[in-house]
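J.: These are the residues of each chain, in order.
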Amino acid sequence: MNALLLSALLAAAPAAGETTAIVGATVLTVSKAGNLEKATVLIRDGKIAAVGADVQVPAGAKVIDGAGRFVMPGIIDAHSHAAIEDNVNECTNVVTAEVRIADVIDHRDVNLYRHLAGGVTAINVLHGSCNAIGGQNAVLKLRWGVDDPAQLVFAEAPRGIKFALGENPKRSNFSAPGPRRYPATRMGVSEVIREAFLEAKAYRREWQEHEKKAKAAGKGATAPVPPRRDLQLETIADILDGKVLVHAHCYRSDEILMLIGLAEELGFKVRTFQHVLEGYKVASEIAKHGAGASTFSDWWAFKLEAHDAIPFNAAVMQSKGVVVSLNSDSNELARRLYWEAAKAVRYGGVPEQEALKMITWNPAWQLGVDHLVGSIEAGKQADLAVFSAHPFSPDARVEMTLVDGVVRFDRAKDLAARSAAPAAGGAQ
Amino acid sequence: MKRALAALLLAASAAPLSAGEATLLRGGRVVPVSGPALEKGDVLIVDGKIAAIGATVAAPPGARVVDVAGQHVYPGLIDGLNTLGLTEISSVPGSVDVAETGDVNPHAKAWIAVHPHSDLIPVARAAGLTHVLSAPGGGLVSGQSALIRLAGSTPASLVAKAPAAMHVVYPSGRGGFDLAQMFAEPELKTFDERQKERKKNQDKALARLAELLARARAHAAAQAAAAAGQAAAPELDLALEALAPAARGEVPVVFRADAEDDIRGALAFAAQHGLKPIIAGGLEAWRCADELLAKGAAVLANVDRLPRREADAYDAAYTNVLALHRAGVPFAIVTNDPSNARNLPFEAAMARAYGLPAEVALRAITLSPAEIFGVADSLGSLEVGKSASLFVASGDPMDHRTTVNHVFVDGVEQSLETRHTRLYRQFKDRP
Chain A
688 MNALLLSALL AAAPAAGETT AIVGATVLTV SKAGNLEKAT VLIRDGKIAA
738 VGADVQVPAG AKVIDGAGRF VMPGIIDAHS HAAIEDNVNE CTNVVTAEVR
788 IADVIDHRDV NLYRHLAGGV TAINVLHGSC NAIGGQNAVL KLRWGVDDPA
838 QLVFAEAPRG IKFALGENPK RSNFSAPGPR RYPATRMGVS EVIREAFLEA
888 KAYRREWQEH EKKAKAAGKG ATAPVPPRRD LQLETIADIL DGKVLVHAHC
938 YRSDEILMLI GLAEELGFKV RTFQHVLEGY KVASEIAKHG AGASTFSDWW
988 AFKLEAHDAI PFNAAVMQSK GVVVSLNSDS NELARRLYWE AAKAVRYGGV
1038 PEQEALKMIT WNPAWQLGVD HLVGSIEAGK QADLAVFSAH PFSPDARVEM
1088 TLVDGVVRFD RAKDLAARSA APAAGGAQ
Chain B
1347 MKRALAALLL AASAAPLSAG EATLLRGGRV VPVSGPALEK GDVLIVDGKI
1397 AAIGATVAAP PGARVVDVAG QHVYPGLIDG LNTLGLTEIS SVPGSVDVAE
1447 TGDVNPHAKA WIAVHPHSDL IPVARAAGLT HVLSAPGGGL VSGQSALIRL
1497 AGSTPASLVA KAPAAMHVVY PSGRGGFDLA QMFAEPELKT FDERQKERKK
1547 NQDKALARLA ELLARARAHA AAQAAAAAGQ AAAPELDLAL EALAPAARGE
1597 VPVVFRADAE DDIRGALAFA AQHGLKPIIA GGLEAWRCAD ELLAKGAAVL
1647 ANVDRLPRRE ADAYDAAYTN VLALHRAGVP FAIVTNDPSN ARNLPFEAAM
1697 ARAYGLPAEV ALRAITLSPA EIFGVADSLG SLEVGKSASL FVASGDPMDH
1747 RTTVNHVFVD GVEQSLETRH TRLYRQFKDR P
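Chains A and B are the protein sequences, given in the same order.
Final position of the first sequence in my numbering is 1115; the numbers increase by one with none missing.
Final position of the second sequence in my numbering is 1777; the numbers increase by one with none missing.
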């Protein structure tokens, strides 16, 4: 059955006062409480009301049998391009801070449903890496089935923007017709960023002076003419004011240090280094700057700048105090991030809960929503993934995924729907 | 004398290899794949081959004894589709030898260009892979693949079997990805116009392929006649010469095809021209399992892929091989990824999580590819007389948390050092 049709069955919004309980499961809280055996997760009004072995299920609550199952916080992918097919990159300019991913969300992209089937509940949809300073990202909650893209937006998430360093903004692996676009070197990438921030500072000063004048003029006086509004510089000025989180695509250690230097010179913070495949070489510097790192578990050798990538990257950065997440950058890989996290155990011996954090609490922190999602604790939003086995086990399969307490994916329902439409295939 | 010389050469090489004539792996859980597991047993390796497997095997005098108690012994993993050795850094053309120019390259032979010193080989090997099908790609007739051993310092020493297969990209008529076209104005055409165009391109390419096969057979016949002194030698044509064994059905032809109609088309074309088909990719193989069974074609399938159609079940690619298993179609699970061939057991794990029995999933990355490429007499399982290409792991290789602790290729233990472990050591303690 078409996932779009199935979405209609699952799309009901949480009714106020509705209570759901997942009962008798192993709950991987990814919090101080650790792993709880035969525990209950009580959900009320889309939030986690209680979690523990001794939680009473109130009469009238909808009960989900968790026996033999494992519940973990919904997986958060800090690097996604889902739901924006053909709208990933505004490549025509080297700075495109004015464009917004939120304007081009396709809420009916079937990949969102496929993500849910891999336990993913929130994604950071980033602009592409064409530009030194790219467009603004959109953090989405996978409320599959809603009728309006705006309803997917994670409203509480701070704004963010994509930066990119190295081969992609240099366009060294791409050939488009026409003259080459500046920059073509890492030197140029650095100057583009510096120039943009210096212009934004001047722009901000202009506005500040204007506001001062307007205030001084007082009521009744002729208002001074405001400066021309520039959406690009306005966005960069907002980065300087700490209102926009910077997510910087990078690979090599030298360019990571370059951006840290620029950020400290110009007075802004990098929230995350994305990909950051040589982060292990400069992990202390990343930690000192206070940036997080969102990396691939084991991709390497696909570009020259990825030749020194090692699968121990996440473990090394984590050991030096960097908040590390593992991302997909891929509609396919996004569906098995739980096994990407297991690779942090394999390569570098990261403890299991710390590895789980790399796809839950850590990306939540990187997106500024760790107080709302990323762990199973009372008061947090009920974004949960229910597995058939421990998520790191080779038998692990997602059975059910909830966003704000609403079941947005239910394998049993999906399977039942298939009998009505066997042409869609899949195991019965 | 020959053996002493070999030992001397190995001792002189930099890698910490153990080239003892006999090695006994003692006290591990032995999983032969071809039969039930031995919960606690010994494996004796002599002269590169498995000499004995049993609950207790006596160590011959001078044998190296490796205590593998609490560990698991498996046959070496085999990735049945890859470009390992032909690709170093995929975006750097100078480091890639996968696709020749032009469409017809049956005389491109992977075993000529596999790079024994590729940084990618030790990475795959450290995960328990001992053999990989290294195949050219692109064009219409891409070239010939070799099954390579992941040990050796010359291209010749890497070869386990060559040619393993002739590789053809089944012409779908759809046209490949073209970066330059991304920036071009799209041509406005109706669906019907596009379909007609596709069919025309496809028919043209298939006619070309059919003609090539006929000419290859004719060329071989002319050569035979010349050899018998009945005619003058035909004009030199290396492409036709290389294609002849596949045209005669002596070497299998691997058709790259994902869509149902392309798979069916490849099977029909192969039947019409007397070829021995194998389907690579096979994303929609589950839609034509009966046809694959009827035509006796095996499938080399990736598991970790998105469904081909929007309306397909979300797990259509995960359960693809399950459908083949149920229908009785032979298949191997492959990565087709040179830098991350090490994830082969995890592709098998995904098929397993979605219903493929665990022992079938393991077989799909060991014995099944060995059978498909005709090397099951020496590879793919732990049996007396077979090559001692095997690995020792802390647990189930399909579990990401498992570590691989020993890898043997043809009886010789391999270093588990890689570019990655070296960089890890270099930087992990940097303040």
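If you're looking for bench data, these hints aren't it; they were derived computationally from the structure.
Small disclaimer: the values here were computed from a predicted structure and weren't measured.
Glycine residues also receive a C-beta, built at the ideal position from the N, C-alpha and C atoms.
Be aware that one or more of the hints could be misleading.
[To be verified] Which chain A residues face chain B? A few, computed with CB under 8 Å, are given here: (1) VAL833; (2) TYR967; (3) PHE989; (4) HIS994; (5) ASP995; (6) VAL1003; (7) ARG1023; (8) TRP1026; (9) VAL1032; (10) LEU1059; (11) LYS1100; (12) ALA1103; (13) ARG1105; (14) SER1106; (15) ALA1107; (16) ALA1111.
[As the list claims (entries may be wrong)] Partial chain A-side listing against chain B, Cβ under 8 Å, derived: (17) ALA804; (18) LYS900; (19) LYS930; (20) VAL933; (21) LYS968; (22) ASP985; (23) TRP987; (24) PHE999; (25) ASP1016; (26) ASN1018; (27) GLU1019; (28) LYS1030.
J.: It remains to establish, for every hint, whether it holds in the given structure.
T.: Hint check:
no., hint, in the structure
1, VAL833, "18 Å, violated"
2, TYR967, "5 Å, holds"
3, PHE989, "5 Å, holds"
4, HIS994, "6 Å, holds"
5, ASP995, "6 Å, holds"
6, VAL1003, "5 Å, holds"
7, ARG1023, "7 Å, holds"
8, TRP1026, "6 Å, holds"
9, VAL1032, "5 Å, holds"
10, LEU1059, "27 Å, violated"
11, LYS1100, "12 Å, violated"
12, ALA1103, "12 Å, violated"
13, ARG1105, "6 Å, holds"
14, SER1106, "11 Å, violated"
15, ALA1107, "12 Å, violated"
16, ALA1111, "5 Å, holds"
17, ALA804, "5 Å, holds"
18, LYS900, "46 Å, violated"
19, LYS930, "34 Å, violated"
20, VAL933, "25 Å, violated"
21, LYS968, "5 Å, holds"
22, ASP985, "6 Å, holds"
23, TRP987, "5 Å, holds"
24, PHE999, "4 Å, holds"
25, ASP1016, "14 Å, violated"
26, ASN1018, "6 Å, holds"
27, GLU1019, "5 Å, holds"
28, LYS1030, "6 Å, holds"
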